[in-house]
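Asks: Working from the sequences, and respecting the hints, build out all of it.
If you read the protein sequences in the order shown, they are chains B, E, D and A.
Going by our numbering, the letters in the first sequence line up with residues 2 to 229, in that order.
Going by our numbering, the letters in the second sequence line up with residues 2 to 229, in that order.
Going by our numbering, the letters in the third sequence line up with residues 2 to 229, in that order.
Going by our numbering, the letters in the fourth sequence line up with residues 2 to 229, in that order.
Just so you know, these hints were derived from the structure itself, not from any lab.
A portion of the hints provided could be inaccurate.
As the list claims (entries may be wrong) - Computed, partial: chain D to chain E, Cβ under 7 Å:
no., residue
1, A5
2, I8
3, Q13
4, L16
5, G84
6, Y87
7, R88
8, S117
9, E178
10, G182
11, L185
12, L186
13, N187
Said to hold, decoys possible - Okay, derived cross-link-like pairs now, DSS-like style, lysine-lysine, Cα gap no bigger than 25 Å in a straight line:
no., chain 1, residue 1, chain 2, residue 2
14, A, K171, B, K10
15, D, K7, E, K171
16, D, K69, A, K189
We treat Cβ as the ideally placed atom computed from N, Cα and C, and that holds for glycine.
Single-letter residue listing:
There are 4 protein chains.
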Amino acid sequence: MESATKIFKDFQDYLNADHDLREEIRSVVRDLEQTAREIQIILQAIHQPSNASNATSLCDQATAHFSKVREHYSSLATKIPEGQYYRFSDHWKFGTQRLVYLSALIVYLKEERLASREETAETLGVKTKREEGFHIDLDDYLMGILNLTSELSRLAMNAVTAGDYSKPLKISRFIGELDSGFRLLNLKNDHLRKRFDGLKYDVKRCEEVVYDLTIRGLVNTEPQQKGE
Amino acid sequence: MESATKIFKDFQDYLNADHDLREEIRSVVRDLEQTAREIQIILQAIHQPSNASNATSLCDQATAHFSKVREHYSSLATKIPEGQYYRFSDHWKFGTQRLVYLSALIVYLKEERLASREETAETLGVKTKREEGFHIDLDDYLMGILNLTSELSRLAMNAVTAGDYSKPLKISRFIGELDSGFRLLNLKNDHLRKRFDGLKYDVKRCEEVVYDLTIRGLVNTEPQQKGE
Amino acid sequence: MESATKIFKDFQDYLNADHDLREEIRSVVRDLEQTAREIQIILQAIHQPSNASNATSLCDQATAHFSKVREHYSSLATKIPEGQYYRFSDHWKFGTQRLVYLSALIVYLKEERLASREETAETLGVKTKREEGFHIDLDDYLMGILNLTSELSRLAMNAVTAGDYSKPLKISRFIGELDSGFRLLNLKNDHLRKRFDGLKYDVKRCEEVVYDLTIRGLVNTEPQQKGE
Amino acid sequence: MESATKIFKDFQDYLNADHDLREEIRSVVRDLEQTAREIQIILQAIHQPSNASNATSLCDQATAHFSKVREHYSSLATKIPEGQYYRFSDHWKFGTQRLVYLSALIVYLKEERLASREETAETLGVKTKREEGFHIDLDDYLMGILNLTSELSRLAMNAVTAGDYSKPLKISRFIGELDSGFRLLNLKNDHLRKRFDGLKYDVKRCEEVVYDLTIRGLVNTEPQQKGE
Numbered sequence: 002m003e004s005a006t007k008i009f010k011d012f013q014d015y016l017n018a019d020h021d022l023r024e025e026i027r028s029v030v031r032d033l034e035q036t037a038r039e040i041q042i043i044l045q046a047i048h049q050p051s052n053a054s055n056a057t058s059l060c061d062q063a064t065a066h067f068s069k070v071r072e073h074y075s076s077l078a079t080k081i082p083e084g085q086y087y088r089f090s091d092h093w094k095f096g097t098q099r100l101v102y103l104s105a106l107i108v109y110l111k112e113e114r115l116a117s118r119e120e121t122a123e124t125l126g127v128k129t130k131r132e133e134g135f136h137i138d139l140d141d142y143l144m145g146i147l148n149l150t151s152e153l154s155r156l157a158m159n160a161v162t163a164g165d166y167s168k169p170l171k172i173s174r175f176i177g178e179l180d181s182g183f184r185l186l187n188l189k190n191d192h193l194r195k196r197f198d199g200l201k202y203d204v205k206r207c208e209e210v211v212y213d214l215t216i217r218g219l220v221n222t223e224p225q226q227k228g229e
Numbered sequence: 002m003e004s005a006t007k008i009f010k011d012f013q014d015y016l017n018a019d020h021d022l023r024e025e026i027r028s029v030v031r032d033l034e035q036t037a038r039e040i041q042i043i044l045q046a047i048h049q050p051s052n053a054s055n056a057t058s059l060c061d062q063a064t065a066h067f068s069k070v071r072e073h074y075s076s077l078a079t080k081i082p083e084g085q086y087y088r089f090s091d092h093w094k095f096g097t098q099r100l101v102y103l104s105a106l107i108v109y110l111k112e113e114r115l116a117s118r119e120e121t122a123e124t125l126g127v128k129t130k131r132e133e134g135f136h137i138d139l140d141d142y143l144m145g146i147l148n149l150t151s152e153l154s155r156l157a158m159n160a161v162t163a164g165d166y167s168k169p170l171k172i173s174r175f176i177g178e179l180d181s182g183f184r185l186l187n188l189k190n191d192h193l194r195k196r197f198d199g200l201k202y203d204v205k206r207c208e209e210v211v212y213d214l215t216i217r218g219l220v221n222t223e224p225q226q227k228g229e
Numbered sequence: 002m003e004s005a006t007k008i009f010k011d012f013q014d015y016l017n018a019d020h021d022l023r024e025e026i027r028s029v030v031r032d033l034e035q036t037a038r039e040i041q042i043i044l045q046a047i048h049q050p051s052n053a054s055n056a057t058s059l060c061d062q063a064t065a066h067f068s069k070v071r072e073h074y075s076s077l078a079t080k081i082p083e084g085q086y087y088r089f090s091d092h093w094k095f096g097t098q099r100l101v102y103l104s105a106l107i108v109y110l111k112e113e114r115l116a117s118r119e120e121t122a123e124t125l126g127v128k129t130k131r132e133e134g135f136h137i138d139l140d141d142y143l144m145g146i147l148n149l150t151s152e153l154s155r156l157a158m159n160a161v162t163a164g165d166y167s168k169p170l171k172i173s174r175f176i177g178e179l180d181s182g183f184r185l186l187n188l189k190n191d192h193l194r195k196r197f198d199g200l201k202y203d204v205k206r207c208e209e210v211v212y213d214l215t216i217r218g219l220v221n222t223e224p225q226q227k228g229e
Numbered sequence: 002m003e004s005a006t007k008i009f010k011d012f013q014d015y016l017n018a019d020h021d022l023r024e025e026i027r028s029v030v031r032d033l034e035q036t037a038r039e040i041q042i043i044l045q046a047i048h049q050p051s052n053a054s055n056a057t058s059l060c061d062q063a064t065a066h067f068s069k070v071r072e073h074y075s076s077l078a079t080k081i082p083e084g085q086y087y088r089f090s091d092h093w094k095f096g097t098q099r100l101v102y103l104s105a106l107i108v109y110l111k112e113e114r115l116a117s118r119e120e121t122a123e124t125l126g127v128k129t130k131r132e133e134g135f136h137i138d139l140d141d142y143l144m145g146i147l148n149l150t151s152e153l154s155r156l157a158m159n160a161v162t163a164g165d166y167s168k169p170l171k172i173s174r175f176i177g178e179l180d181s182g183f184r185l186l187n188l189k190n191d192h193l194r195k196r197f198d199g200l201k202y203d204v205k206r207c208e209e210v211v212y213d214l215t216i217r218g219l220v221n222t223e224p225q226q227k228g229e
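Replies: Structure (structure tokens):
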């Protein structure tokens, strides 16, 4: 009968080591989320009319913080034993989605285009592909992009307040493009699909802003679009 | 065996005294909440267009009722045995959150700024710090401030109805500032975090009002903001 | 507007310090619960028929571990700021209830009587009364005693298996006494009341064992009881 | 703008491949669970009094089916891309727990001892350790063992029906040993902890059977135990 006791003693050590590892992961993730909050606070300023012409400077400030992000991910990657990324990924899922969104927001603000998964991974300091180790899961990348559309639809409205009538048009077309992109995907009936269902409100919101501008003759949408 | 009976007899006295104390606390808290309701009713009038120019007078009426609030808290403080604030604080938590909100609303209406935790404590007649005795817990202060943003976003809309086009702009900037403030905080995944998640709807609501004013040329947001 | 940001910066420091304190408390409580598990494992052996005559030795082994318990509580007590016992007590509530039960089990096994709240506090190395600082809350003491009755009703049955026919009678009378004691108390409709509702099954279980013994003529219950 | 569409086209391929893989995994797991059910049906016969002396033959029949189990796991293992065990493990978690339980039941029936995690892994045809690839997760092993105790407590009762009075004593001691083992572990507040809370009912059930046997003089527990 002694054997049963011995077997369980081994499990005890095992579970305690496991518990310690989880604590360490939690601690790094906490730092990661703190840095994400700092970046978020900087970029929130784009919604204030007074910062309308100031977006590049805000992006530069935010970009500077990403060196800390890369350090945190690097520290996290060394802690995860090989092959156990998905055993622990719930810990950093949320933080990663937020950092994808923030990093893609900077890319849009500077270059008015969608940040690819590869360059986002580079900005965060993680691998591009699952096979290479610590990476951004596709689900988390897509969730971050859905958060981006929400933020941009808000920006479209606030751009009008700041007197910028061309930005809403560009944003509306960009979000429309993303909406088409997501419709290509065969999303399972999960959290991503639910979040995607909210995208239509972002699309609608942007279209309303463009409508408001057009009906008042504040922009002339037609020739611009044809020219593209 | 007699000992067990004797031990339980002592507990009986103890639990009965405890029960009586809870009844007394409940009774004072009931009075406190009644006074809060009276203040609330007075301040609700700010949403009526006819009272738009009347806010100062409403604030004065509401302020007068705070002497009763201070009496109730003073009575409550004497009832709580030393070191047992957190044993009973669930009883007055909700009432305190509401009074923080009402008191901060008055400060905003009169001075367009955030009431600090210290001056709110003074208005309620309680201590500023936990160490000093009966105080406002930080959680309750923050919850009260989140209730304030909700009320102000409503006021932004009603101000337009009353023909006041500058108030929504001020409120929108104030709520934006509070939003940034809350983003600094590492809120645990609790009731405060959930309530904070609702703040974005208040922000959005205000931005929509400002948007509506701007697109109709009813306000010119740009120069004002740049001048600040 | 700067003031709002400053106010929130202060809160950030405050909440971070609070978070660190909670982490420290959690860590000590984890050690405390680990020690409780070790004591529990030792005392579980009383149910094995082979240990029937061995209870004193098991009690001595278990008692030795209580010096670690006292160290943990002492460490915990220094961490809790004055007046904030009830702010954090949910962290150690469960561990304390278990230690009350284990400590009271030892007292019963050795002296067949109910351990008072005072001596239990002494064994755990905490204060007797709430006013004196870190103590055992009455609720937690009572919950621990209810766990004791459950354990003893199990022991009554296993004593028969071990050939000890007098122990079930003593346990049955002791649990009956505790049942009377609890009935004296005006328990609110809470977790303690629910747990107390389970006591009747312990009483019934013991009575059934005594019945089984009596009806088979294995004990003579009457004169013994009169003689006491 | 084309880039966004192109980016999403790639995701489409990726998600479709992912979807196909999940279908394949589901199909193998379905076969695995079917085999588990067949083994289960064979072993259920041990509860019938007529099979009391027949356990070895039932075990041999059941053991024969494990070659199919090993084939299914081998097929499953080749499908899981490196490092993605935990990405998909929810699919086979339940089936694995059941097979652990069935395999450990055979070991107990034949040798009255706890099957180690290593030999269970061998019987199932998977790796012993997480680092080596497709393995039994500790959680799933432990869950399987908890299912075993439940089955054995039932067998203790049915053994009496079949006129075997020594088996309940052995089972009761074995389950008591497992109970002590589990108490060593610092289980998080999760599904395993909840399942462990049910173990006490298995312990109790066995003790009641032993009690019933003892009080009727059908077994003499004392000398046997002392002799060990």
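Asks: State for each hint whether it applies.
Replies: Status of each hint after checking the structure:
{"no.": "1", "hint": "A5", "result": "4 Å, holds"}
{"no.": "2", "hint": "I8", "result": "6 Å, holds"}
{"no.": "3", "hint": "Q13", "result": "5 Å, holds"}
{"no.": "4", "hint": "L16", "result": "6 Å, holds"}
{"no.": "5", "hint": "G84", "result": "4 Å, holds"}
{"no.": "6", "hint": "Y87", "result": "4 Å, holds"}
{"no.": "7", "hint": "R88", "result": "4 Å, holds"}
{"no.": "8", "hint": "S117", "result": "6 Å, holds"}
{"no.": "9", "hint": "E178", "result": "5 Å, holds"}
{"no.": "10", "hint": "G182", "result": "3 Å, holds"}
{"no.": "11", "hint": "L185", "result": "5 Å, holds"}
{"no.": "12", "hint": "L186", "result": "6 Å, holds"}
{"no.": "13", "hint": "N187", "result": "6 Å, holds"}
{"no.": "14", "hint": "A:K171 x B:K10", "result": "22 Å, holds"}
{"no.": "15", "hint": "D:K7 x E:K171", "result": "19 Å, holds"}
{"no.": "16", "hint": "D:K69 x A:K189", "result": "22 Å, holds"}
In this structure, every one of the numbered hints holds.
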